Structures are given as structure tokens and as C-alpha cells.
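Peer 1: Sequence:
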Amino acid sequence: MSTIAVFLDRDGTICRDVHYMSRPEQLEILPGVPEGIKLLNKLGLKVIVITNQSGIARGYFTEEDLKRIHERMLDELSKRGARIDAIYYCPHHPNDGCNCRKPKIGLIEKAEKDFNLELNKCFIVGDRMLDVETGRNAGCTSILVPSSETENGIKADYVVSTMYKAAKLIEMILKRRLANKIANIKFNASQY
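Quick note: the sequence shown, position 182, residue 182 per our numbering, numbers continuous.
I should point out that these hints are in silico values taken from the structure, not numbers from a laboratory.
Note that the structure is predicted; figures quoted are calculated from it, not measured.
Keep in mind that a hint or two might mislead.
Below, a list of computed lysine-lysine pairs in the DSS-like style, where the Cα atoms sit at most 30 Å apart [unchecked claim]:
(1) K155 to K113
(2) K165 to K104
(3) K155 to K168
(4) K181 to K79
(5) K168 to K38
(6) K110 to K67
(7) K67 to K79
(8) K165 to K155
(9) K181 to K67
(10) K175 to K42
(11) K181 to K110
(12) K38 to K165
(13) K168 to K181
(14) K165 to K42
(15) K113 to K165
(16) K181 to K165
(17) K38 to K181
(18) K121 to K155
(19) K181 to K155
(20) K67 to K165
(21) K79 to K155
(22) K175 to K67
(23) K110 to K121
(24) K155 to K175
(25) K165 to K79
Per label pair, the in silico range of CB-to-CB distance [stated by the list, open to error]:
(26) T62 to G153: 33 to 39 Å
(27) I182 to R16: 38 to 44 Å
(28) L130 to K181: 28 to 34 Å
(29) G139 to K67: 27 to 33 Å
(30) N99 to E171: 28 to 34 Å
(31) Y158 to P31: 15 to 21 Å
Each residue gets a CB set at the ideal place from its N, CA and C atoms; glycine is no exception.
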């Protein structure tokens, strides 16, 4: 059976965007994020972080530094009852031409295999055009949570003001999908 996931951008979506964050103490979880992730966990969804981290290729920080930052993020969220199921990151420079740097979907494809995901039922939540494009490229529903880094004119499937509101929206969409599925079953059964 396939699984539904919510892909979350890290910087500007889960935590305050610090350009080229290189130390765990720079990490600051944004308001509404733990509550939103907790709701997604309660709904039985996989919560997967996908993030571009070109600071590694640029020499600003190491993969070990990134690991410590992610450990702190997971710990901070766990203390508030929220769980991240996986973190996928692209360490490459934007000019490297890799297939994992958003808006390409290499990170999502890896998660798809690892978690047996049905991408057209999945969601992506982020604060930038890159996140919306990634969702579009993968066939996921995109939800924009604007930050100070959000570009003008982004056409996401949905726009909400906080991560918690994104989680509530996802809950509503899933309920609507279920209601439609039940209605189709009843309609088909009435034909006999």
C-alpha cells in the first residue's frame, strides 16, 4: 500500500532562514511548526524534509556541521511532540547540474522509493518559488507559507500564513478526498 508524505522545506519553513546556517545554535524553529508537524504525525502522514544546502559545496560548512544542525532541529521538535521521518539534502553547488537540487526532484524520487510514496497524493510546503516548482515537477500539491524570502507572483496551489495552517489545510484536503472516494463507492454500488 502506498504512503502519503508531506515534504517540508527547511530554511524559512521549519526554521528561521539564516543564510548558510553553519552552527546548531543558529537554528530557531518558527512559530506554529511543532504544532503543524504534530498534526501531520497524528494524521499518519510521513513528514520529510527536503533542503538545498550548497553551503557544503561552497566550503561554508561541512556535512558534519549540517548533521549537528539537523540533530538539534529533530531534538527541538521532538521536545514539542513533533516527529520528522526523514531528511534529504542536496550538498551540491547550483552550477553542478545534479538531479537532487530543487527544483529538480531527485530528493523526492529517493523518498518515493524509500517510503513507497504515491507522489500525486503528496504535498510540499515551502516559502519560495523553488519549493512550489519542485512540487509541480513531482506532481505534488504545493502549499506556500510566505516568509521574508518569498518572491512576488508565486502561483502555488494554496497559500497559508503558518505551518500549522498548512497542516490544517492538508487535513481538510484529505477529508475531502476521503469523502469523494466514499461518494464514488456509494454511486458505483447503487448501479447494481
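Peer 1: Failing hints, ascending?
Peer 2: 4, 9, 21, 22
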